[in-house]
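Chemist: Residue numbers (my numbering), protein chains in the order written: chain F, 31 to 304; chain P, 3 to 234; chain R, 105 to 513; chain S, 94 to 474; chain C, 50 to 590.
Since the hints were derived computationally from the structure, they do not count as laboratory data.
All residues carry an ideal CB built from backbone N, CA and C; glycine is no exception.
Only part of the chain C face toward chain P is listed, based on derived beta-carbon distances under 7 angstroms:
(1) Leu464
(2) Ala468
(3) Met475
(4) Arg477
(5) Met479
(6) Gly585
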Amino acid sequence: MSIMSELTHRDRVFDFLTPTASPVDVRHGPILYLEDVTVSFDGFKAINNLNLTIDDGELRCIIGPNGAGKTTMMDIITGKTRPDVGSVWFGSRHNLLTMNEPDIASLGIGRKFQKPTVFEALTVFENLELAMATDKRVLPTLTARLTGEARARIDEVLTTIGLTDLRHREAGILSHGQKQWLEIGMLLMQKPRLLLVDEPVAGMTEQEMERTAELLTSLAGKQSVVVVEHDMGFVRSIARTVTVLHQGSVLAEGSMDDVSNDPKVIEVYLGEGA
Amino acid sequence: MLKIEKLNQFYGESHTLWDLDLDVPQGQCTCVMGRNGVGKTTLMKCVMGEESVKDGSILFAGDVELTQRKIEDRSRLGIGYVPQGRQVFPLLTVEENLRTGLAVRQDGSKTIPERVYELFPVLREMKNRRGGDLSGGQQQQLAIGRALVIEPRLLILDEPGEGIQPNIVAQIGEVIRKLIEEDGLTVLLVEQKLPFARKYADRFAIMDRGRRVAEGEIAELSDALIKQHLTV
Amino acid sequence: ADEGPIKVGILHSLSGTMAISESTLKDTMLMLIKEQNENGGLLGRKLEPVVVDPASNWPLFAEKARELLAKDKVDVIFGNWTSVSRKSVLPVVEELNGLLFYPVQYEGEESSENVFYTGAAPNQQAIPAVNYLMNQVGVKRWVLAGTDYVYPRTTNKILEAYLKDHGVADEDIMVNYTPFGHSNWQSIVSDIKTFGSQGKKTAVVSTINGDANVPFYRELANQGIKAEDIPVVAFSVGEQELSGIDTGPLVGHLAAWNYFMSVDTDANYDFIDKWVAYTGKEDAVTNDPMEAHYIGFNMWKEAVKKAGTTDVDAVKDAIIGVSVPNLTGGYATMMPNHHITKPVLIGEIQDNGQFSVVWQTPSTVAGDAWSDYLPGSKDLISDWRKPLHCGNYNVVTKSCGGKSEVAAE
Amino acid sequence: MNYSQSWLTRPFTERSTQIFLGVLFLAVMVVSVLHLVMPEGSALYVSSYTVTLLGKYLCYALLAVAVDLVWGYLGILSLGHGAFFALGGYAMGMYLMRQIGDRGVYGDPTLPDFMVFLNWDSLPWYWHGFDMAWFAFIMVLLAPGLLALVFGFLAFRSRVTGVYLSIITQALTFALMLAFFRNEMGFGGNNGLTDFKDILGFDLRTDAARLGLFIATGIALAVGYVICRAIVTSKLGRVSVACRDAEARTRFLGYRVERVQLFVFVVSAMLAGVAGALYVPQVGIINPSEFSPLFSIEIVVWVALGGRATLYGAVIGAIIVNYAKTVFTGILPDAWLFALGALFVLVTVFLPKGIAGLLPGLKKKTDDESEAPTSGKEATA
Amino acid sequence: MSIIRSLKQLLIVCLLSLPVLGHAQANDEQAQSLLTQLAESSYGQKGKIAGEIARSGDERARGWLEAFSAGKLARIEPSKGDAEGSGKFVIVLSNRGRNWKVQDALTGDDLGEISRRDLDSIRVNNSLRSEIDGILSVIDLTVNDADKRLAAARGLRGNVDEAMAKKLTELMASEEDADVKATLNEALAIYKVEEQGDLSAVKTLSGSLNSEARAALNSATYSDDPALKQAARDALASIETKLKWNRAAETLYFGLSLGSVLVLAAIGLAITFGVMGVINMAHGELIMLGAYTTWGMQQMLPGQPGLALILSIPAGFLVSALAGVAIERSVIQFLKGRPLETLLATFGISLVLQQLVRTVISPLNRTVVTPDWMSGSIMVNEALSLTLNRLYIIGFALVVFVGLMLIMRKTRLGLEVRAVTQNRAMARSMGIKATKVDIMTFALGSGVAGLAGVALSQITNVGPNLGQNYIIDSFMVVVFGGVGNLWGTLVAGLSLGTINQLLEPWAGAVLAKILVLVFIILFIQKRPRGLFPQKGRAAEG
Ligand SMILES: Nc1ncnc2c1ncn2[C@@H]1O[C@H](COP(=O)(O)OP(=O)(O)OP(=O)(O)O)[C@@H](O)[C@H]1O
Ligand SMILES: Nc1ncnc2c1ncn2[C@@H]1O[C@H](COP(=O)(O)OP(=O)(O)OP(=O)(O)O)[C@@H](O)[C@H]1O
Ligand SMILES: NC(N)=O
Ligand SMILES: [Mg+2]
Ligand SMILES: [Mg+2]
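One chain only, chain F, in its complex shape (with noise of 0.2 angstroms):
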């Protein structure tokens, strides 16, 4: 794009002007839609005409060998990565590729990473602030005042993530299971229609495990999981479908117990013992 007609584009320098991002579309089928993605890296195809339909509501969960594509995947979600070729539709309405990393965010596409990150020099509070759904253009975002609603929801999440005590501590300090917790409550804080979770439960002891699964399963229906783990005992209770990439594609989907007793998924993923 030539650096004439942007600067001619007074709607992308200030924000007041740009028009507020219309609601996702479901009427017609599914929330989040891939279709014959493929994406290589100096040749390597990290994903290989990869086919994904996620419906509304629901709660899926995506394993697969180390460098299957899965974090890749969701990059190419998020507007991180493009794919080589390929279409992903959110909703009927959005075309993904079209868009860069903010506006799919604000469609309501929320992600938490697989390697924990938070806003280290921020305290836990302002953390959860920020990524608090609000207008997120830099005009309101300057003069934004905390509602007393909003503090609640605040409160509330923290409670949910156990870190009511670190509230006010910087979020640097936080202990890496801390701060995988601070992610999903940012996460929550977000509100998304679509939440993409890439490991969850690293770290976590059992019972730990046992709550997120929870939280998850209760937002499964309001809103639309995708659920990345490699935790087996974990998948199994919370999945209902389960989808198996390999190599950048996917290996087999269906319910938990199908999957696992897949040959193929055994061979490259499960190994016997499991």
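Guided by the hints, dock chains P, R, S and C with the ligands onto chain F, whose structure is given.
Modeler: Quick look at chains P, R, S and C with the ligands alone, frame taken from chain F:
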């Protein structure tokens, strides 16, 4: 192999480890457990020297007082470390990541032991890819592989199974056992997942808010203990 | 206030880019003051130098000038090198009614009641040099190369007008500007070489300043431009600059100044001996701005003696007409326009970093504040004596330039 | 931190801002009163030389605050803020030049001296309007603001970050310096703009005008400080910090990072412009050396020395360094660079948080429930 | 000009008829009187007297003329000096300082040192000097050394007149060296085209790149003879095409040489900043130290500038590397994990180092001599010569680059330093001695800066400001190339240099520089991480 006594550690003003005692017997796998944020990682860092301790002692191999040693000397003594969060060198290739461990090998070998590649074939496959480009699980495998390159006497594993696919997790467990049995390796393991701990560890220690609250043979790890210290 | 020492402010950069030129001038002043004190001071009082470092920073020059005048209450200031620093200081010395002696060749177009210009105006350096090249060397084609700032720009403007008046065609003049500190002269020197190989005798008139000179001369040498083929005459390269250059390959290139260290007079040899003794360095060199300070200091001294006081207004009046010996065997007189009379010397570089004088004006030339070759200023004159008392009197409109309004009040 | 206050009033509820404004107000008052009331010989008399000097420090302080806003809170290490400062300065300088009218040496009623002397026959188009104060003052904000807008738009849109951004800001100011050196640009070349006569009808050489400018600078600093404080304590401030520490992550939360950066960058550039505009009449000259990359680096050094990401640290740093310069260049003309250099090294090594790190009470993060900070007395003592 | 020229030719003819300068020992009185005339006459007369001296047959004449031409012939002031010496002519052996070493011009006796005050130099100027050079070089046309003959022949082009032409034709017949012969032929052809409008001579000149030849052809295009006019035009046109190519080659050379200077200045920074992440504002001063080392070496080895320069390569590396170690140990090591603050501290260090040089050595520039083997240029053809100092520097830059590349790629240090900068704690946990690595790497980067200084001393100022002039450019090159990538630094330096030189003839030096900066700004928009960016997940961290 490792004997920790009355260890106290502070992050600035906050007292994180309290009078902590821990015994890691030679040729066994000791598993440290505890809820999030109780100080497991902190303890490992103290052993490695990445955090300084206020007082207390950490004796290695009977008579080496670790708290007096610089970090780099500790690995020279034969301690391998797989930290939580992988900590691979993102811009070094996989092979270069592994080669960083060659400096301290006792035998002065300049090649990466074949065993590492056998255990994690993906590392061979991706030899020339940058560490940071790997998937999460691949990075974790790289971190473990890297620690094995130095052929340690004591291996510290901070939640090693995190993000690794189930069959490889099992394989890692097997390797640990094999090293313990064949080479007399000592392992200090932090692990949350009970099945794994039960299957591969010899001993356990439970931490709660910076203190060691329980310790014993893995068989002694009772549901009561778990309920008391590991549930929220 | 007439007891205690007489304070002499020294306002030269001792750090930053200009320290390379200016720090010597500070030492010169300290030497002159020391000598004067050894000879009993002035009006029976000791002289006390007040040294500050304006650090090659132009606003800092103004600040330090104010500090000298308002805080240290100095009786006179010797200082500045670059024109911009002088421009920055000018309003301050005028406002606080100080005295400033400015020792460096400059572009002219200025005459302040409070400033005494002891360096050369363009008519005391550039024009005679060009005359020499035109008449004695037979130069027909001209390269005007300078650093891109006001002094070279103005000088070149004056020279262009002058050359055209003398029948030089447009295509026989090449003008080139480079940034301060320019160090990559390859293509410019190559262009000069091409320009100079068209069969007509060519010379380069260089107003290149400061650090850019070393790489420039080095490139000349390496591309094999010899003084015999294409001589370079410089207005900003003196002994001090040469002391940082391997002059072996540069023999014969020229400079125009009002003083050279090699000048064969006793006054000069004495001055050099004192300087060597003062600095303790056998290889210490002297240069034109040093002589200008020497003259300026002596003129101020004479004026103070004449006025019997260091009072600025009295000294200002007394100094006009004061004559002191220069170091080249003649006299320098302070003219009513606050510029002085100077001989113009052309020297050729020698392998020992000195210049050998090859030509000089038969008599001294009086500095012209306003150039006769610039349309805006050819009608202006400056005369600080009463009753005219004006730095920019327009002889056509018969009014005192910018001050007309003030006068009317 | 009080999250529910309005963004503009929030700074005033902060202890640190209250102390800052109080100290600034007191200082300006004391200086003015001593200048006006005390007899000239008195030990307590503040000369107009000192007043102007202090005015200059305050300009630098405002400039440093502007740099700290983008560096400390947004993570943009601008090595080109001198450019915005200089543009503001040139806008003011052009106004002051036009005010000279026919009092220049050549007596030309419209053309500034340097144009007459370079044979320009008419005023270049971009000089028009600068005879009117309102226009010039708008340009003081607009010139740096527009440059920052265009430059920032391009750079942030392309996601230029880190040292890459730093270096292109440096290239920007370097290019402008070379351009302004050229006489053809019509800004007086290396000699710049100087020999100003009066401002808004007041003779610049009078003590009253000097004092007025000093007070105006004090006010500008106060306002600039409060604006910056308001930004950094607002939610936008926290988003800025988020951008600074994890730019990509911030995008995934739905913030348009480039716009946040652009907004703050432009505000900062304008503040720098104001600082430049107030600086020029007080020091009496503006020339291209204000565009020099080393000057911009020096500004960053002031901020780092004072303590990054505190704003008041920037003020402290700017004042201390420049005061040290004034003093050292006077009393240690041959060795002051040793002293200054040593100061930089020692502060970095021994005061990791800069000089502001010595003021413990001010930095504490307070609760949203507004838990009182530790005693302010301690902090200023 | 024309007077001088004909005078010179007169001399040449005279001299050519003289087999060698005289054998006879002329008497001293005559010599004294000739020299006195030389000393006392005006510039206009001196040439003639010099000619007389040359023809006097005195075997000392050549020495006098050479000394005169070099400004080293002087007379002890008749009124001053000790009684016996006054009025004596002397040859100055050393003219530095206030007392000069002299020897008696007539007897060759060493007279020791005489104060400058008591000496009157016999003034010489450019035109005299070239006259004397002419006199001396014409003699060279008949010497045995073919190189000297070639040089003399070259000098003749454009200086031939009727009398000369005849002589030259004779000389050509006996000349054996092909180059000399061709050059003489060309000289003759220039004369023929210019003065006689000789059509056949145009052909001789048609391929020539010599500027005198071009001038001759040019004048022929104004001839009345249409055939000659056309032939001259054609010849010029073909020369013009050739010249264009040569100019292009020259520009490219200039670009590469500027580029290699940038690479040299930046490459050390590519280590300290690019790899270690230290924003080293004192980098320029480390370069400066290298340059001063060269100066110091030349002071210690007077008269052997070449040897001193070669020794400066290790010495400059060492001095800067040690300075680097000192900086690292005293400051940088305390700033681990605070890379931005290294800017503050190293800025301070750079101020201190600059002022230290001003105070301890001098605020003035120092002279660094270019050894003979690095001076001048090698001539590819008449229109294209490559300056030697730059040629050496291009080579030096490449050698330094390759050396660094090998160290970073092939030694363990390269691996370890990258590991340490990427994750210090982890690197130490792997047994890497981070402190040692820091010291070695910083020393390496600093040492390379010192090498740059050694090289720069051959093309620019050696003074306290040297560093400041390169620091900004260095950072730009490193960043433009992509931080952490040595190849990037090489390509960035060379391409920025070339772009600058391509733009310069068209835009002028100032505008070219501005355009290069604007280019950098725009380029970074397209490639926000430099020429060779770190790609992929790893870079985003
Ligand atoms: N920028 C890149 N450059 C090169 N290879 C890459 C890059 N990004 C990803 N890959 C490769 O693509 C493959 C897919 O990676 P991805 O992170 O999506 O795996 P994953 O399914 O999330 O694995 P895990 O379960 O271990 O997290 C891996 O083999 C990885 O090495
Ligand atoms: N740099 C730090 N500064 C201050 N406090 C810290 C720091 N790092 C960790 N902490 C605190 O110390 C406690 C122990 O942290 P640690 O990382 O050792 O926990 P952990 O037991 O490993 O937890 P997890 O299971 O989540 O990995 C936590 O409460 C954490 O908030
Ligand atoms: N006046 C000068 N040389 O700047
Ligand atoms: Mg993954
Ligand atoms: Mg942990």
